[in-house]
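**Student:** Protein chains in written order, with my numbering: chain A, 1 to 224; chain B, 1 to 307.
Bear in mind the hints are in silico, worked out from the structure with no lab data behind them.
What you were told as hints is all true, and nothing was included just to trick you.
Below are the EDC-like pairs computed for lysine to aspartate or glutamate, each with C-alpha atoms no more than 16 Å apart in a straight line: (1) A:K71 with B:D205; (2) B:K93 with B:D131; (3) A:K71 with B:E305; (4) A:K143 with A:E163; (5) A:K71 with B:D214; (6) A:K143 with A:D169; (7) B:K69 with B:E150; (8) A:K143 with A:D87; (9) B:K67 with B:D79.
Listed next, with one range per pair, are the computed distances between beta-carbon atoms: (10) A:Q68 with B:A215: 16 to 24 Å; (11) B:R301 with A:L69: 14 to 22 Å; (12) B:P17 with A:L69: 28 to 36 Å; (13) A:T55 with B:D205: 17 to 25 Å; (14) A:G12 with B:P14: 31 to 39 Å; (15) B:A198 with A:P27: 36 to 44 Å; (16) A:G12 with B:A198: 16 to 24 Å; (17) A:K112 with B:A274: 42 to 50 Å; (18) A:V107 with B:A274: 45 to 53 Å; (19) B:E305 with A:E120: 37 to 45 Å.
Beta carbons: idealized from backbone N, C-alpha and C, even for Gly.
Each chain is listed here by its residues.
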Amino acid sequence: MLLFENVGLRYGMGPEIVRGVNFSIDPQSFTFITGPSGAGKTTLLRLMLLSLRPTRGKIHIFDRDASQLDKRELTGLRRRIGVVFQDFRLLDHLTTYENVALPLRVVGREEKDYRAEVIELLRWVGLGDRMHALPPVLSGGEKQRAAIARALIVRPELLLADEPTGNVDPGLARRLLRLFVELHRLGTAVVIATHDVQLLDQFGFARRLVVGDGLVSMFDGASP
Amino acid sequence: MPPNNVVVPARHAPLIPRDSLAGNALVAVIAILTFLACLTAGGAMLTSDAAHAWRSEVLSEVTIQIKPKSGVDVQAVVDKAVAAASHAPGVEKVHAYSTLESEKLLAPWLGAGLDLSLLPVPRLIVVALSDQSPDALARLRQVLQQAAPEASLDDHRTWARRIGAMANAIVGLALVVFILTIVAMATAIGFATRGAMAGVREIIDVLHFVGASDAFIASEFQRHFRRLGLKGALFGGLSAIAFFAAISFLSGAWSRSPGGNEIAAMFGSFSLSAGGYLALLLVGAGVTLLTGYVSRTIVFRYLSELL
Numbered sequence: 001m002l003l004f005e006n007v008g009l010r011y012g013m014g015p016e017i018v019r020g021v022n023f024s025i026d027p028q029s030f031t032f033i034t035g036p037s038g039a040g041k042t043t044l045l046r047l048m049l050l051s052l053r054p055t056r057g058k059i060h061i062f063d064r065d066a067s068q069l070d071k072r073e074l075t076g077l078r079r080r081i082g083v084v085f086q087d088f089r090l091l092d093h094l095t096t097y098e099n100v101a102l103p104l105r106v107v108g109r110e111e112k113d114y115r116a117e118v119i120e121l122l123r124w125v126g127l128g129d130r131m132h133a134l135p136p137v138l139s140g141g142e143k144q145r146a147a148i149a150r151a152l153i154v155r156p157e158l159l160l161a162d163e164p165t166g167n168v169d170p171g172l173a174r175r176l177l178r179l180f181v182e183l184h185r186l187g188t189a190v191v192i193a194t195h196d197v198q199l200l201d202q203f204g205f206a207r208r209l210v211v212g213d214g215l216v217s218m219f220d221g222a223s224p
Numbered sequence: 001m002p003p004n005n006v007v008v009p010a011r012h013a014p015l016i017p018r019d020s021l022a023g024n025a026l027v028a029v030i031a032i033l034t035f036l037a038c039l040t041a042g043g044a045m046l047t048s049d050a051a052h053a054w055r056s057e058v059l060s061e062v063t064i065q066i067k068p069k070s071g072v073d074v075q076a077v078v079d080k081a082v083a084a085a086s087h088a089p090g091v092e093k094v095h096a097y098s099t100l101e102s103e104k105l106l107a108p109w110l111g112a113g114l115d116l117s118l119l120p121v122p123r124l125i126v127v128a129l130s131d132q133s134p135d136a137l138a139r140l141r142q143v144l145q146q147a148a149p150e151a152s153l154d155d156h157r158t159w160a161r162r163i164g165a166m167a168n169a170i171v172g173l174a175l176v177v178f179i180l181t182i183v184a185m186a187t188a189i190g191f192a193t194r195g196a197m198a199g200v201r202e203i204i205d206v207l208h209f210v211g212a213s214d215a216f217i218a219s220e221f222q223r224h225f226r227r228l229g230l231k232g233a234l235f236g237g238l239s240a241i242a243f244f245a246a247i248s249f250l251s252g253a254w255s256r257s258p259g260g261n262e263i264a265a266m267f268g269s270f271s272l273s274a275g276g277y278l279a280l281l282l283v284g285a286g287v288t289l290l291t292g293y294v295s296r297t298i299v300f301r302y303l304s305e306l307l
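This is chain A alone, in the form it adopts within the complex (with noise of 0.2 Å):
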């Protein structure tokens, strides 16, 4: 699903903040993106979501060269992968609930076909009864379940979450992990930047990629 091949970024003349990388991510997989602050998770998220360039080697996604993608294919790329940003992203803008329609807003689908499960989905995250509220009113706790509400409403193959759990209480925690299990279990790739060492130790089966110094290790999980 996921392939990067001795993939390089640096930005300017600087040092490679990326370096020769090599991995792969399979459809249906569970991994987590692990290591020090600063290390380069997100700059990793950010790559497979193609919304940076590497400066050197492959990038292949869903079996296409993400070089050679042109604008509309990326668009339908990024249709099939879901992503939960560290500092959410939520538009101030829209209401909870029309943040969460969002992805289904912008495929031209009908307010009055998704509205159920859009509500659904929000109370599952237990925000059902702040739907009306915008996201400068809401928790970083509550900011954290919609941004998650947001990114799995379209279902989507491939998930990158950037810290999913950062800002909420142990208990609501593990019922969103759940919930990325769940979406696993369905067909759902998922991928997680985390430096939680206890979230990693509880899914004990998932695949671990540690980044440090630019260089990304491997580590298979334990079967299950």
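Got chain A sorted already, so can you dock chain B onto it with the hints?
**Tutor:** Showing chain B alone in chain A's frame:
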């Protein structure tokens, strides 16, 4: 059906927040430039209409001129010329200016009460034509040459050509000014669109990441800017229509005042035709469409630079 006790508003909030985009300032710029474009277009149409009317009037008559010469009985030549012209085909009316009437024509330049009997003032005969074709004019010229060879015929075509050339120059200049106004408007819209996009860059990024196509994003901007363009075009276009309606009313009032006939003869009636007002409405409609088109083009160009 949504779950119980859940009321979901039916509104679809705009994806690009309206208060982040160029608003009243752009409406004002579009309104002013639309007004100027309409003034230019209307002025060109008035000029063209006036020149056309003047040419028609000038070409509907010819002037026979008899210059005084020693040994020639001017009055006899006038009588022969009047008789010949009256019987020529394509002539509607013949009027020979008397000596007194000729002196009155010169009064604005030479003053009243001046004895012109010692001056070689030509006698004029105005011939109104019912047939302005070259054949009819040629026949009149031939008849006059035979009956009164001392008389000369001026068909006013030189003057008509000069009026036409002047009118064409004014209309051409107006067209240049009109085009420059439209270019200025398109440039202003382009700047406003670029500025607006830079201001909502983060929103555009999010839209891209959730799968919005460039066409979808462009249509959001286009819809907004077209609305601004419509507002500005309405203000500017309707103001221009009101302006022309006002001067049409005033020119009607002037024409009833002393000297008003001369003013109307010189400058026309300052009244736009129904077609002229329609043209102003079309300018407004064109501005609205231009606003949407330019903003969409700029948005696409901007988005093509983004990943």
